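Protein chains: 2
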Amino acid sequence: MIFWKILFLFPLLTLALAHETFDSHLLPRPLIIEYQEHTEPHIKEIQEELKLNCTSWRFSVEANNINPWKTIPLECAEYVKDYMTGRAYGFDLERVSNDAGVYAKSVELSGDGKDVWIFDVDDTLLSNLPYYADHGYGLEVFDHLEFDKWVEKGMAPAIKSSLKLYEEVLSLGFKVFLLTGRSEGKRGVTIENLINAGFRDWHKLILRAADDHGKLATLYKSERRSEMEKEGYRILGNSGDQWSDLLGSSMSIRSFKLPNPMYYIS
Amino acid sequence: MIFWKILFLFPLLTLALAHETFDSHLLPRPLIIEYQEHTEPHIKEIQEELKLNCTSWRFSVEANNINPWKTIPLECAEYVKDYMTGRAYGFDLERVSNDAGVYAKSVELSGDGKDVWIFDVDDTLLSNLPYYADHGYGLEVFDHLEFDKWVEKGMAPAIKSSLKLYEEVLSLGFKVFLLTGRSEGKRGVTIENLINAGFRDWHKLILRAADDHGKLATLYKSERRSEMEKEGYRILGNSGDQWSDLLGSSMSIRSFKLPNPMYYIS
Numbered sequence: 015m016i017f018w019k020i021l022f023l024f025p026l027l028t029l030a031l032a033h034e035t036f037d038s039h040l041l042p043r044p045l046i047i048e049y050q051e052h053t054e055p056h057i058k059e060i061q062e063e064l065k066l067n068c069t070s071w072r073f074s075v076e077a078n079n080i081n082p083w084k085t086i087p088l089e090c091a092e093y094v095k096d097y098m099t100g101r102a103y104g105f106d107l108e109r110v111s112n113d114a115g116v117y118a119k120s121v122e123l124s125g126d127g128k129d130v131w132i133f134d135v136d137d138t139l140l141s142n143l144p145y146y147a148d149h150g151y152g153l154e155v156f157d158h159l160e161f162d163k164w165v166e167k168g169m170a171p172a173i174k175s176s177l178k179l180y181e182e183v184l185s186l187g188f189k190v191f192l193l194t195g196r197s198e199g200k201r202g203v204t205i206e207n208l209i210n211a212g213f214r215d216w217h218k219l220i221l222r223a224a225d226d227h228g229k230l231a232t233l234y235k236s237e238r239r240s241e242m243e244k245e246g247y248r249i250l251g252n253s254g255d256q257w258s259d260l261l262g263s264s265m266s267i268r269s270f271k272l273p274n275p276m277y278y279i280s
Numbered sequence: 015m016i017f018w019k020i021l022f023l024f025p026l027l028t029l030a031l032a033h034e035t036f037d038s039h040l041l042p043r044p045l046i047i048e049y050q051e052h053t054e055p056h057i058k059e060i061q062e063e064l065k066l067n068c069t070s071w072r073f074s075v076e077a078n079n080i081n082p083w084k085t086i087p088l089e090c091a092e093y094v095k096d097y098m099t100g101r102a103y104g105f106d107l108e109r110v111s112n113d114a115g116v117y118a119k120s121v122e123l124s125g126d127g128k129d130v131w132i133f134d135v136d137d138t139l140l141s142n143l144p145y146y147a148d149h150g151y152g153l154e155v156f157d158h159l160e161f162d163k164w165v166e167k168g169m170a171p172a173i174k175s176s177l178k179l180y181e182e183v184l185s186l187g188f189k190v191f192l193l194t195g196r197s198e199g200k201r202g203v204t205i206e207n208l209i210n211a212g213f214r215d216w217h218k219l220i221l222r223a224a225d226d227h228g229k230l231a232t233l234y235k236s237e238r239r240s241e242m243e244k245e246g247y248r249i250l251g252n253s254g255d256q257w258s259d260l261l262g263s264s265m266s267i268r269s270f271k272l273p274n275p276m277y278y279i280s
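In the order they appear, the protein sequences are chains R and V.
Counting from 15, one number per residue, gives the positions in the first sequence under the numbering used here.
Counting from 15, one number per residue, gives the positions in the second sequence under the numbering used here.
Honestly, the hints are just simulated from the structure, not real lab data.
Wrong hints could be hidden among the right ones.
Repeated chains share a single entry, so a pair holds when one copy, or any two copies, can fit it.
[As the list claims (entries may be wrong)] The list that follows gives simulated cross-link-like pairs (lysine-lysine, DSS-like), each with its CA atoms no further than 30 Å apart:
hint: 1; residue 1: K119; residue 2: K174
hint: 2; residue 1: K95; residue 2: K58
hint: 3; residue 1: K200; residue 2: K167
hint: 4; residue 1: K200; residue 2: K119
hint: 5; residue 1: K65; residue 2: K119
hint: 6; residue 1: K174; residue 2: K58
hint: 7; residue 1: K244; residue 2: K229
hint: 8; residue 1: K229; residue 2: K119
hint: 9; residue 1: K200; residue 2: K174
hint: 10; residue 1: K84; residue 2: K119
hint: 11; residue 1: K65; residue 2: K163
hint: 12; residue 1: K178; residue 2: K95
hint: 13; residue 1: K200; residue 2: K58
hint: 14; residue 1: K65; residue 2: K128
hint: 15; residue 1: K128; residue 2: K229
The structure displayed is predicted, hence computed values, not measured ones.
Looking at chain R on its own, in the form it has when it is part of the complex (with noise of 0.2 Å):
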């Protein structure tokens, strides 16, 4: 054991006697030393640098201050994908959730049937993430064709969190409505989808009609449910990852913005 422990020591020894008779800059050692005392810090320092300012864009992003946009800032692919796949995403899905959950135990229902919870398909009740994860978290501008591929496929597994407060608000006795930026041409797939997923019950499942495309999200959303208050229906709660599911007109008392910094429907 001394053996070995003077061993280890010898070659230090023999390197500080060595400094004496080499010029220092010919050694490899302080050098190194060199590099790391100046540039670690100095690396740690964008590192930090970025993630306040992709924190500042996601937030901006679900505050609805930038608006609208195409593609996820080039600086922050890493960000969102860290963000999307670390357990941030999962963690605020559930917060949306519970404070959800929280607000629709509150409510006091009128049993008359006309209480209404409308639910966003896309990223609200079913992820996109597979279909994401293949085109940069949002870095890709939005290839339509390829993402009908992914939506006919019928793969799209449920967002757990969300899952568990559809059965909530369905237990309460809300009346779901479910309002898809979808077309009238999807429905069979994304019925299919829905219950693979684990959704039932649903009242009414509205997807775009021949007439609705071209028009804003937020416009054929406020028609719908405009649509929906005319047949009596009180809109109490309204759950969507994209502002375009909750604002404009005949808004829900209460809506619920679930987190999606990888793109944004108008």
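Here the structure of chain R is known, so what remains is to put chain V in place on it, guided by the hints.
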């Protein structure tokens, strides 16, 4: 020089030899190492969990998912303080002003003097951060009397990035309306404070009249916006730190939510 280096290595050699003669657990060094190994990651984990939790809470506040709330969560006291006093709050404020500025410049004004930008006052143009620094950054329940004393001082500084946006929209030709939850009795001190902070040339400063007391901010502000519309004004932009500044009826074409994780006004 050689002497000093050998002198430096000597204690290491001594230690290496000394280890053989003592039982290692009698020496404090290995214990300290064990302590660090087992608890530091644990503390770090707790801190990361807390950060995840409080960032998620802040997101739900800024997206208006929790509503209403009275005080910040106790466990986020340090987080909110760090956010408000560190760089992040200023960074976020700056971004909102920039985003609003980009929009303001993109709007084609009619030139008939009816194009309006609305600003809230408290924590939108004037900062109450000095007050909240003395009151736990939102940890204490709101104390109306204490806050009134602060307002009466007329010492609230300008939010610099808001002043920049304010001057920008004025120079673009917007008519500026200030719409505040402060009551009519505070008109004098509010004007004095605004002018001392650098604000000028607003078209109208609207405060709560006697019969607005007890009204929810959302309703009071919606009514005032509705009056503006009846007078022929077009509300093109609206800046506020509260959702009650922005939501309701007669909403602005575009709204800009300034960050405020310290308090909530319904």
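Problem - Earlier hints that do not hold, by number - result: Failing hints, ascending: 4, 11, 13 and 14.
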